[in-house]
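J.: For the protein sequence lines, the chains are L and H, in the order given.
Residues 1 to 162 in the UniProt record's numbering are what the first sequence spells out, letter by letter.
Residues 1 to 388 in the UniProt record's numbering are what the second sequence spells out, letter by letter.
Just so you know, the hints here were simulated from the structure itself, not pulled from any lab data.
Hints should not be assumed to be uniformly reliable.
Stated by the list, open to error - Here are some of the chain H residues that sit facing chain L, going by a computed Cβ distance under 10 Å:
(1) S83
(2) K86
(3) N89
(4) A96
(5) S128
(6) L135
(7) R140
(8) G142
(9) E145
(10) D213
(11) I309
(12) A311
(13) R319
(14) D371
Source: prediction; values computed, not measured.
Built from N, CA and C at the ideal position, the CB exists for glycine as well.
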Amino acid sequence: MVKLDETPLPGVGMRYDFDSRSGKRVGVITHRDGRREIFVARRDDPDACAESIVLADDEAEAVADLLGGSSVTRRLETSMQDIQGLAMDWLPLPDTSPFVGQLLGSTMMRTRTGTSIVAVMRGQQAVPAPGPELTFERGDVVVVVGTAPGIRQAAALLRGTP
Amino acid sequence: MPLGQLFLELGVVILALALVGRAAGRLGITPIPLYLLAGVGLGAFMHLGRAPEEFIHVGAEIGAVLLLFTLGLEFTSQELRESLSKQRNIGALDLALNFPPGLIAGWLLGLPPMACVLLGGVTYLTSSGIASKVLSDLGRLGNRETPVILGVCVLEDVAMAVYLPVVAALLLGGTLVAIGVNLIVALGVFALTFFLALRYGHLLSRALNVPSDEALLLGVLGLVLVVAGAADLLKVSAAIGAFLVGIALSGEVADRARRQIEPLRDLFAAVFFVFFGLQLNLAQVPDVLLAATLLAVVTAATKFAVGWIGAARAGVQTRGRVRAGATLIARGEFSILIAGLGLGLAPQLGPLAAVYVLLTALIGPVVTRFDAPIAAWLTRPARPATSN
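Given the sequences, and given the hints that come with them, work out the whole structure.
T.: This is the structure we're talking about:
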């Protein structure tokens with residue numbers, strides 16, 4: 001697990017960076033207006049940026065997808081703003097999930113993560129308020145409600161990496 | 001005057017500013033001192049008619065109002081509280097090192113006491129506009145020393161919240177007792193505004209926060225001008241009234257208002273700098289040149305020290321410390337603004353501040369560009385010691 005440093009930049013936004021194994025500091029700045037900036041520090045002067053690239057919203061999303069980043073946490077940030085302390089997210093069930101073909105009850109989601117499954121999206125249809133007897137299928141999207149850390153745990157649980 | 005001629009003259013002025021702004025971008029320096037120079041040039045070579053001159057005057061006042069309003073908007077943020085707790089010491093050092101030089105210089109120049117207080121403000125305030133622009137344009141936001149620079153700028157904004165009511169009270173003048181009463185009243189009004197903004201700011205913000213961007217812009221601008229106008233009628237500076245409105249707005253409405261007002265502010269602030277330049281009496285410049293140069297050199301050194309120490313405390317290496325110090329050197333919009341408040345007290349404050357801002361805005365980028373050799377030079381005495 002990478003240790004991320006979080007530094008507020010007053011008037012600009014937030015900086016997240018870490019010392020990569022390749023020896024350079026790498027980071028992302030989230031601007032208040034939604035732009036993202038990626039930067040890499042110089043080797044001879046580790047306090048300074050060698051290069052930084054500003055990405056628009058859609059570009060940042062494309063790069064995140066390429067890197068296989070978690071779209072979960074990113075979406076969480078936006079939904080978090082709606083209600084303090086309560087988050088909701090759509091978690092796509094990965095094909096490799098151990099719960100494909102298993103009962104919803106077998107996830108023990110509420111006991112393990114404190115979040116509730118409020119719906120399952122299947123194709124164009126939604127199954128609202130599913131009971132523990134519902135069987136997960138490939139391509140399901142699970143809608144969960146709970147605290148933000150709980151939802152991160154839920155996503156990990158569904159991936160099979162709790 | 002026919003409308004056509006008014007448009008023509010205004011258009012020429014604004015086009016000149018656009019050219020100056022592009023040149024500044026090319027040179028990698030901030031346009032503010034160049035706007036001042038453009039104003040000086042316009043005053044010397046082009047004779048504006050009465051109507052454009054009046055328009056520029058009013059525009060300049062609006063620019064001052066909007067500059068302080070957007071400064072006030074920055075206020076209610078969470079970031080401010082965090083900076084306050086983390087970088088309080090460096091903020092105090094900044095104030096202790098950079099306010100007295102102006103104050104003392106004013107005294108040495110024989111200015112009236114209130115003008116000295118204003119000159120202290122002129123030398124104290126780093127241009128947060130210039131600093132943040134330099135940082136983002138040169139891709140230095142990710143640098144380790146950057147939070148220190150931004151933190152110092154934020155803390156200066158906090159100091160402004162105490163300084164401005166003091167200035168407002170001092171400018172009202174009168175006997176010593178009257179000044180004291182005014183001071184208490186002004187500080188009381190500011191404290192009350194803070195309290196109301198923290199307690200009930202969300203109500204005002206909610207009332208102004210309409211879905212339509214247009215309605216929001218008009219609502220906010222209208223409120224700012226009404227309060228600024230009322231403040232002016234009460235003989236408090238209009239810009240200080242606008243600062244209060246900025247403080248009172250918070251949350252989403254502050255974010256949206258900032259985005260909506262910014263283009264307007266940029267336009268009118270440019271007009272403000274031109275007007276300041278226009279007003280300058282060139283004949284006075286030689287008289288203040290020596291004082292301004294000395295002041296610029298001394299306060300460049302003191303600001304540099306603040307950045308250096310702040311960055312060092314954040315664990316930044318020598319080159320980063322040099323960059324932090326150099327970025328803080330440039331004074332700008334707020335120095336001019338504060339000098340503008342005191343033109344009635346001491347006319348020489350105008351040219352002094354203009355030359356001073358011009359010099360610091362030039363020194364800053366030059367020092368930043370040569371960060372590597374300067375860092376090597378500054379650590380030179382340490383080197384033989386370590387190699388032995």
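J.: All the hints need checking, so say for each whether the structure fits it.
T.: Cross-check of the supplied hints:
With a least beta-carbon distance of about 5 Å to chain L, the hint placing S83 of chain H at the interface is held under the 10 Å criterion. For the restraint placing K86 of chain H at the interface with chain L, the shortest Cβ-Cβ distance is roughly 9 Å, inside the 10 Å limit, so the hint holds. The beta carbon of N89 of chain H comes no nearer than 16 Å to any beta carbon in chain L, farther than 10 Å, and the hint placing it at the interface is violated. Interface restraint check: A96 of chain H against chain L, minimum CB-CB distance 21 Å, threshold 10 Å, status violated.
Because the smallest distance between the Cβ of S128 of chain H and any Cβ of chain L comes to about 7 Å, under 10 Å, the interface hint for this residue holds. The closest approach between the C-beta of L135 of chain H and any C-beta of chain L is roughly 8 Å, which is under the 10 Å cut-off, so the hint is satisfied. Residue-level restraint check for R140 of chain H holds (minimum Cβ-Cβ distance to chain L is 6 Å; threshold 10 Å). Below 10 Å, beta-carbon pairs count as interface contacts, and G142 of chain H has one with chain L at about 4 Å; its hint therefore holds.
Using the Cβ-Cβ criterion of 10 Å, the hint placing E145 of chain H at the interface with chain L is satisfied: the shortest such distance is roughly 6 Å. Given hint, D213 of chain H at the interface with chain L, is violated; its Cβ is 15 Å from that chain's nearest Cβ, farther than 10 Å. A cut of 10 Å between beta carbons decides the hint on I309 of chain H: the least distance to chain L is about 15 Å, and the hint is violated. Given hint, A311 of chain H at the interface with chain L, holds; its Cβ is 8 Å from that chain's nearest Cβ, closer than 10 Å.
Given the 10 Å rule on beta carbons, the hint for R319 of chain H holds: about 5 Å separates it from the nearest Cβ of chain L. For D371 of chain H, the interface hint holds, since its Cβ comes within 10 Å of a Cβ in chain L; the closest pair sits about 9 Å apart.
Against the hints set out earlier in the document, violations occur for numbers 3, 4, 10, 11.
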